[in-house]
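So you can see what is in the structure, the chains are spelled out below.
Protein chains: 2
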Amino acid sequence: MKPSVDYTLYLVTDRDLMSTPTLEEAVEQAIRGGVTLVQLREKHASSLEFYQTALRVKKITDSYNVPLIINDRVDVALAVDADGVHVGQSDLPAARVREILGPDKILGVSASSLKEALKAVEDGADYLGVGAMFATGTKTDADITTIEELKRIRQAVSVPIVVIGGINKQTLPLFAGTGIDGIAVVSAIIAAADVEKAARELKELFKQIT
Amino acid sequence: MKPSVDYTLYLVTDRDLMSTPTLEEAVEQAIRGGVTLVQLREKHASSLEFYQTALRVKKITDSYNVPLIINDRVDVALAVDADGVHVGQSDLPAARVREILGPDKILGVSASSLKEALKAVEDGADYLGVGAMFATGTKTDADITTIEELKRIRQAVSVPIVVIGGINKQTLPLFAGTGIDGIAVVSAIIAAADVEKAARELKELFKQIT
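These protein sequences, in sequence, are chains C and W. Quick note: the first sequence uses our numbering, first residue 1, plus one each step. Quick note: the second sequence uses our numbering, first residue 1, plus one each step.
Each hint should be verified, as a subset may be incorrect.
What the hints assert, rightly or not - Per the computed footprint, the stretches of chain W lying under chain C, defined by three or more beta-carbons under 8 Å from a beta-carbon of chain C, are:
#, segment
1, 41-54
2, 69-81
3, 87-95
Bear in mind the hints are in silico, worked out from the structure with no lab data behind them. Think of the CB as a built atom: it goes at the ideal place given N, C-alpha and C, for glycine as much as any other residue.
Model the full assembly from the supplied sequences, consistent with the hints where possible.
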């Protein structure tokens, strides 16, 4: 059975930006601060390292009943029995991923436009990561999605939408009234001096604007 | 059903060493020269690029009834319905890969020692890639396996063994009497000015020494 998911505050990891000594500490502090979903993203790790990291992180997410999503690597997700996979536009095609994963795992897909969003839903996406909303240091090559395009996507699809790319305390108020289900955050949580506090403040602010 | 596999001449691709304009041409010429098995290895490609390349190469291997093995990425192998996967010691653990792949796909595992070989067979390997037998430009960080260790592995396991790492016309005669089932070759085929001829000569020589 696919778990019911709270998309409010979605942490996407980035080992290069961590303020804590280990990724596990960052994830645990973020969950204590209110993160509801964790995506493990490892762009430089070997498959074995990715697998071993995922096993360690999953112990933490499982203990808090927070779903763990694996970025890109469907095989790693299957190997650790993660709750799902998130794929971008340069990863395996979403429709093939859905076939490999089966119906019970969560499939998230990145979409920067209405066209990509419609295709993703058709291909079996359970939620959309829409963005990048702003240019960021994390993803310098990302296509930028306007607030207007986000609203068009929101009108066109019924699956949950999280926005990603430059989401922080300063930019979050811009999403008031857009009907998003949550925010996906990398550096505004993982690079914060106090990870737990950063997560808590973002969650409070999100509740205020929605 | 798992296909019956001829391990005699196993081509492992390397885009950086190609002498032909495209990988597809290299693979087709190599098969015409006598390659019996192809492993697609893409260390720098995005998941989407790996998938798309695998689809193109699979059209060729299928048309010659040559099995296609995917290096490392179990998800790519599943997405293109390849004949199997080859994993090294820094990839996903072989036992987990076997579980994900099911019993009908070919699972190859790299082993540089008797210990790794025994573990691989226990984990479900259908064949072993033993080496690196010699230091090569392709894999400069590989552990070197001696001919004596290869013979110990041959005595200890019954699955097919291919040797890899610096296998070429000069080194091949050293494997006379070792009981190997085939040779895995990267640069001695893929970087040759005449790929088809290089494959043919290696296959002839292999038949002479075994």
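Consistency of the hints with the structure:
Chain C is given as covering the segment 41-54 of chain W, and this holds because 5 residues of the stretch bring a CB closer than 8 Å to a CB of that chain, at least three being needed. Evaluation of the coverage hint for the segment 69-81 of chain W: fulfilled, as 7 residues show C-beta separations to chain C shorter than 8 Å, against a requirement of three. Given as covered by chain C, the segment 87-95 of chain W passes the check, having 6 residues with a CB less than 8 Å from a CB of that chain where 3 are the minimum.
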